[in-house]
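*Asks:* So you can see what is in the structure, the chains are spelled out below.
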Amino acid sequence: MLNPDSVGRTFEGAESVTVSQSEIDAFCAVLSENNTTVAPPTFSIRITLEQSQEILSNPEIGLDWSRVVHGDQRFDIKRPIVAGDTFKCSSTIESYKVAAGNEIVTVRSDLHSGDKLVVSTWSTLVVRA
Amino acid sequence: MIEVGTILEEKIFYVDRAMLKAYADASGDQNPIHQNEEFALSVGLPNVIAHGMLTMALVGKFVTDWAGGSAAVKEFSGRFVKPVIVPADQKVDLTVSGVVSEVDGERIKIDLSATSAGVKVLGMSKAVVVK
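If you read the protein sequences in the order shown, they are chains A and B.
First residue of the first sequence: 35, per this note's numbering; consecutive thereafter.
First residue of the second sequence: 706, per this note's numbering; consecutive thereafter.
In isolation and in its complexed conformation, chain B is listed as follows (with noise of 0.2 Å):
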């Protein structure tokens, strides 16, 4: 039974610069910061960063997983408040959980937050999904 606060059970990602280069590729976004760390450093980051789109790509998989699929998703929404830094030859988690704020219907909303190294990397998410 799904009714609002039912919650949706934590899951944690890794990030790795494998994966930010996979995401760049996949994406398109080649941007220096999410793969270059002497880059990153002189436009004033602590490290390489993540693409927030990949940020809310993990956020989105999280999602489809509990909703049955990637066709159940009909809004999505996210606010990149930090970033997820990765340091070179490191897995730096991505944890993930939700609660559901709204059922109507077959649609169902969900609040979503995100941390990484305790930090919240994104903020004011939701998604509507029909399960």
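Chain A with its partners taken away, still in its complex shape (with noise of 0.2 Å):
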């Protein structure tokens, strides 16, 4: 079960993040996008996904990850991402509930790049009974 205490909290991520090309080329590829001097509108999950793991894995917020399925997900893109842009991540637990056994965790993951906000994508994450 999750730690009721870590609900509201924000947690960042230890190292930053540098979008090479082939990152964003390999992305492109997948959906035959043929322009690849932007990275595609869902390509800040290749880095919100590993980092925010690795946050929610700290055993004081206490997520089972091997049970988790993706519920909803969110982008708000302030910017398109491009290659050698450098960020930062944080995440930040905003609600939980728990529903039929199942809990259900909405996390917030901010990507900045110094201190400009980039992305912020919100991933509701249903732990299963």
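Everything labelled a hint here was simulated from the structure, so no lab data went into it.
Nothing here was measured: the structure is a model prediction, and the numbers come from that model.
Nothing false has been slipped in among the hints.
In silico EDC-like cross-links for lysine to aspartate or glutamate, where the CA-CA straight-line distance does not exceed 20 Å:
(1) K112(A) x D149(A)
(2) K726(B) x D59(A)
(3) K814(B) x D110(A)
Grab the two chains, each in its own frame, and use the hints to assemble them into the complex.
*Replies:* Right under this line is the structure:
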């Protein structure tokens, strides 16, 4: 079970992440997107998935990733991601409830480049009973 | 002229196991339910399923093709209501449609829908673009 004290808290990722052109190229290739000068709108999941998993695997939070199913996803994109962007990721546990034995957790992850917010993502995760 | 009710022409994407592998590598999501049939069955799934985020990425492609490129999208959301089931050696459809639901200056909101094998897979999906 998620530690209720972690709801509302923000956890900072340890390291910054720099986006390479080859990562954008690979993501575009799957979608047959020929314009690789900017990243597709959902590209930030490549950064936030790993970062938020690392952050939320912190034992004091208590989220069991092995039983997580992705429920909802939302992106708020201030500007498109381009190669060379360096981001710090922070994740905030925005809400938590238990329904029919499943835990439902909404995590917001923010990607900052310097002091500028570039992308916010909201992932609603269902931890199956 | 884009106005409320303008329909985005339906598009069919095809998803196969090779695409799941490519998406796993591109996104970093190597969860075996998206690649390993034996594992997927062992956790109670009907077969290998596509990453929800691959579905969303393809719906995103539908939007950016219409809106003039990846940079056009300001907001994008969806709910994963059912999985896209991807049997071996098959190409399954992801059929995407959309309709303009709001026009506010240069910001255009689109309501999106995606089905696979006739089953709705992405619900409550919306995008805001600046075209």
